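**Q** Given the coordinates of chain A, work out where chain B should sit on it, guided by the hints.
These protein sequence lines are chains A and B, in that order.
Residue 17 is where the first sequence starts when you use our numbering, and the numbers rise one by one after that.
Residue 238 is where the second sequence starts when you use our numbering, and the numbers rise one by one after that.
It is worth saying that the hints were derived from the structure and are not from the lab.
Mixed in with the good hints, there may be bad ones.
Partial list, computed: chain B residues near chain A (C-beta under 8 Å) [claimed, not checked]: (1) Leu259; (2) Leu342; (3) Lys366; (4) Thr369.
Listed next, the stretches of chain A that the computed footprint assigns to chain B, with coverage defined by at least 3 CB atoms under 8 Å from CB atoms of chain B [what the hints assert, rightly or not]: (5) 99-110; (6) 326-340.
Source: prediction; values computed, not measured.
Ideal Cβ placement from N, Cα and C applies to all residues, glycine included.
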Amino acid sequence: MITGMERLVAAINGEKSDRIPVFCNLLDQGADELGIASLQEYYANGEHVAEAQLRMREKYGYDNVWSLFYVGKEAELLGCEKITFSKGGPPNVEDYVIKNYDDIVNLEIPDDISALPAFEENLKCLNILKREVGGKQPICAYLTSGITLPAILMGMDKWLELLLMGPTDIRDLLIAKCSEFFQKEIDAFRKAGADVLVYSQPFGSTDIMPMRLIKELTLPSMKMDIEPGGVGGLVYYCGSSPFNNVIDMMIKELGIGVFYLSPKDDIAEAKKIINGRALTCGVINDIKLVSWSREEIRAEVKRMCEAGMPGGKFLFGTLVMPYDIPKQNIRAMLEAAYEYGSY
Amino acid sequence: MQHKIIQDYNEAVYDTDRDKALEVINRALADGITPEQIVFDVIIPAMEAMMASISKDFDANLAQHFMAAQIASEVTEEMISRFQNPPESLGTIVIGTSVGDMHTLGKRIVSGCLRSMMIDVVDLGVNVKPETFVDKAVEINAPVIAISSMMMHTATSENGCLRVREILKERGLEDKIKLVVGGAPFRWDNDLYKTVGADAWADNGISAGEMIKKFVLESRS
Numbered sequence: 017m018i019t020g021m022e023r024l025v026a027a028i029n030g031e032k033s034d035r036i037p038v039f040c041n042l043l044d045q046g047a048d049e050l051g052i053a054s055l056q057e058y059y060a061n062g063e064h065v066a067e068a069q070l071r072m073r074e075k076y077g078y079d080n081v082w083s084l085f086y087v088g089k090e091a092e093l094l095g096c097e098k099i100t101f102s103k104g105g106p107p108n109v110e111d112y113v114i115k116n117y118d119d120i121v122n123l124e125i126p127d128d129i130s131a132l133p134a135f136e137e138n139l140k141c142l143n144i145l146k147r148e149v150g151g152k153q154p155i156c157a158y159l160t161s162g163i164t165l166p167a168i169l170m171g172m173d174k175w176l177e178l179l180l181m182g183p184t185d186i187r188d189l190l191i192a193k194c195s196e197f198f199q200k201e202i203d204a205f206r207k208a209g210a211d212v213l214v215y216s217q218p219f220g221s222t223d224i225m226p227m228r229l230i231k232e233l234t235l236p237s238m239k240m241d242i243e244p245g246g247v248g249g250l251v252y253y254c255g256s257s258p259f260n261n262v263i264d265m266m267i268k269e270l271g272i273g274v275f276y277l278s279p280k281d282d283i284a285e286a287k288k289i290i291n292g293r294a295l296t297c298g299v300i301n302d303i304k305l306v307s308w309s310r311e312e313i314r315a316e317v318k319r320m321c322e323a324g325m326p327g328g329k330f331l332f333g334t335l336v337m338p339y340d341i342p343k344q345n346i347r348a349m350l351e352a353a354y355e356y357g358s359y
Numbered sequence: 238m239q240h241k242i243i244q245d246y247n248e249a250v251y252d253t254d255r256d257k258a259l260e261v262i263n264r265a266l267a268d269g270i271t272p273e274q275i276v277f278d279v280i281i282p283a284m285e286a287m288m289a290s291i292s293k294d295f296d297a298n299l300a301q302h303f304m305a306a307q308i309a310s311e312v313t314e315e316m317i318s319r320f321q322n323p324p325e326s327l328g329t330i331v332i333g334t335s336v337g338d339m340h341t342l343g344k345r346i347v348s349g350c351l352r353s354m355m356i357d358v359v360d361l362g363v364n365v366k367p368e369t370f371v372d373k374a375v376e377i378n379a380p381v382i383a384i385s386s387m388m389m390h391t392a393t394s395e396n397g398c399l400r401v402r403e404i405l406k407e408r409g410l411e412d413k414i415k416l417v418v419g420g421a422p423f424r425w426d427n428d429l430y431k432t433v434g435a436d437a438w439a440d441n442g443i444s445a446g447e448m449i450k451k452f453v454l455e456s457r458s
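One chain only, chain A, in its complex shape:
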């Protein structure tokens, strides 16, 4: 039987398998899958996350598993001591690591991420995923870019203030430190067996930054992030912000080979821009999956597949699926993707 990894590799190479690869990003739903009432309890143990990821993939039949717990985990690796958990959605960073500019000067980037106690459960999870489905199903990891990470270390508004108004020496120091963290983090995830490295880069979308600043600030920081380890397995993702108008630049300047679009991006336009040079991932508006009918879901998936499949090199995906999406809607979306995504 064909595996998710074979589908993904075929798509990257522009070859046809039985169908397009389908990535479904279920995270918090894992607690429910295991019958664990509290997300805090669920995320406290890497075995829980691995077990739930394996079970959900098996149950629904999509083509990826996640080693991501929640985005605030990266802040914990750098000293964040307080995360707010709630019942129905992803945990939030409550205690910012950076409270003033002295904290930026004093911020220390650990030499070996994989040796940190806060990474222990991630490693446990990755080891299980690698043992159970390594080489058969793509194992995804989530990494925040150097220019974006400060947003979860000091808050988005404080970071925008520093980024746009300076002092520039402190701004550049923080970007350099966060980039160093990224380089070490991606190395740790690669060594632990992650294949698909989702590079979260909202500051690479013109919904967030003007093109001038993307060229002046984002692009140089991306080179710092990426060049030491290369683009192998790297997926460009702007955290749901659209980015069709930077794709060409990212291919030419950095050689990125996979683009995980925003639901707001025009898939056919993205394919035209990419022109066979990379894998295009069409992404559904999964907030609407909460309320859409089965017919509406099927119509949207069909539209996306028709826009993305001609010429191959296409993957169907979701954002981080909200907890409120009814299970029958998840099934309806996946069944439609398997049906309309067949070759």
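**A** Below, chain B alone, put in the same frame as chain A:
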């Protein structure tokens, strides 16, 4: 003259260049424009021009929204300290993020935008309980409660906007206080504001400022 100042100022804001924007203001002051004229004839019309552009699909981004609100509120605060007589406030509104939500950027943009238009803002911070929103609005006679939620579960939570609506209903305040929401989930589902019981939503911080100003002015009439 005034048109040229507004144009130069907004160009600097669109370019996210705070130093250049402040230079335009300082040059105008040096040319004899009064602090009152700066606020009422430059900053407010410039903000209104930006709101109009955004409502006509001008492709502004988050950095521009942030800088527009930041610079406008900064300049307004500075100019007001130099006014001959303190300006009249159009009203005061209450803002905060819903329970469980720690994201501060949206309300900061909205607040900066409103302050530059002579609307005072009581910022209740993050992770605000529904009762706190209503109690404070009643205490200061606010015609608007603005709730920012960046995540689906904090937008739709029973302890968020939904509960604020219930309390307004229970206390017979629905005619007096409008409920405005904003944040990422509302951008992905434009009908979600109805589901959570809000009167209105806005796509971005600057448009939220425009929406709230309209409600504040209506409450005065």
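**Q** Of the hints stated earlier, which fail here?
**A** 1, 3 and 4
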